[in-house]
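K.L.:
Reminder that position 96 of the sequence shown reads as 96 in this note's numbering, one-by-one numbering, no gaps.
Simulated from the structure, these hints should not be mistaken for lab results. Hints may contain errors.
Computed cross-link-like contacts, DSS-like style, restricted to lysine-lysine with a CA-CA straight-line distance of at most 30 Å [unchecked claim]: (1) Lys-146 - Lys-129; (2) Lys-146 - Lys-215; (3) Lys-173 - Lys-129; (4) Lys-173 - Lys-50; (5) Lys-146 - Lys-173.
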Amino acid sequence: MRSTLAATVDGYRRIADTLAMPLSNANADPWLRDLPPEVTALLASMSLRKRLRHGELLYARGAEADGLYGVVSGRIRISLTHADGREVLLTWFEPGSWFGEVSMFDASPRPQDAHAVGDTEVMLLPRAKFMALLDQHHELYRAFAKLLCRRLRMSLDFVEDMMTLPLSARLAKRLLELAGVYGSAGQGAGVAIDLHLPQEDLARMIGASRQSVSKELNVWEARGLIRVEYSRITLLDSERVRALTAGSKT
Numbered sequence: 001m002r003s004t005l006a007a008t009v010d011g012y013r014r015i016a017d018t019l020a021m022p023l024s025n026a027n028a029d030p031w032l033r034d035l036p037p038e039v040t041a042l043l044a045s046m047s048l049r050k051r052l053r054h055g056e057l058l059y060a061r062g063a064e065a066d067g068l069y070g071v072v073s074g075r076i077r078i079s080l081t082h083a084d085g086r087e088v089l090l091t092w093f094e095p096g097s098w099f100g101e102v103s104m105f106d107a108s109p110r111p112q113d114a115h116a117v118g119d120t121e122v123m124l125l126p127r128a129k130f131m132a133l134l135d136q137h138h139e140l141y142r143a144f145a146k147l148l149c150r151r152l153r154m155s156l157d158f159v160e161d162m163m164t165l166p167l168s169a170r171l172a173k174r175l176l177e178l179a180g181v182y183g184s185a186g187q188g189a190g191v192a193i194d195l196h197l198p199q200e201d202l203a204r205m206i207g208a209s210r211q212s213v214s215k216e217l218n219v220w221e222a223r224g225l226i227r228v229e230y231s232r233i234t235l236l237d238s239e240r241v242r243a244l245t246a247g248s249k250t
């Protein structure tokens with residue numbers, strides 16, 4: 001009897017690990033680890049899986065909210081498109097990250113577009129089933145309150161940066177954030193950002209044009225702050241890059 005119970009608990013824990021893969025990622029969502037393993041197992045049993053090709057649309061802005069999504073593999077990019085056609089890349093979600101919670105709770109249409117980056121697999125927790133589970137397990141509300149607060153802080157930080165920081169400061173801040181998540185020792189000195197990120201996408205993340213970002217990167221490279229390669233940037237002097245976030249001259 002004891003061995004059967006232990007095996008069941010171990011099974012719950014394995015499911016929890018699958019649903020909440022820990023990543024050294026600012027967007028990783030550890031909220032599931034605060035839940036009892038049997039609740040996590042229920043979430044897994046209700047979920048559906050979907051595979052997407054690179055560039056495939058998961059949902060469009062204005063789409064009906066069908067539930068909560070989690071990234072199993074690949075990556076999901078979240079963006080907005082202005083009336084003039086300009087795209088702003090808000091963020092992306094890595095494996096272990098969950099998104100779409102706002103529309104799931106208030107039943108409002110999706111506020112952004114979500115596309116796959118590379119071959120991607122996602123989990124979907126259907127809204128109706130999940131809301132019913134919330135009524136049975138109130139501890140889920142506290143977990144989601146933490147998740148929503150974290151998302152709100154991220155949104156407010158983004159708005160503050162867009163309204164108060166010049167291009168150079170926004171770019172420096174974003175590169176440091178990316179280095180913190182994807183950084184590795186580069187050839188020789190510096191921290192290489194191991195992420196296939198075209199300059200166009202980097203520009204979209206800070207609400208700028210590709211040309212202006214390319215110009216800024218070229219200036220920094222000439223000053224010895226960074227090294228720019230194809231879809232790869234290495235921070236050669238992180239402290240001088242950090243100084244740019246406060247508007248200091250290098």
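K.L.:
Hints broken by the structure, by number, lowest first?
P.N.:
2, 3 and 4
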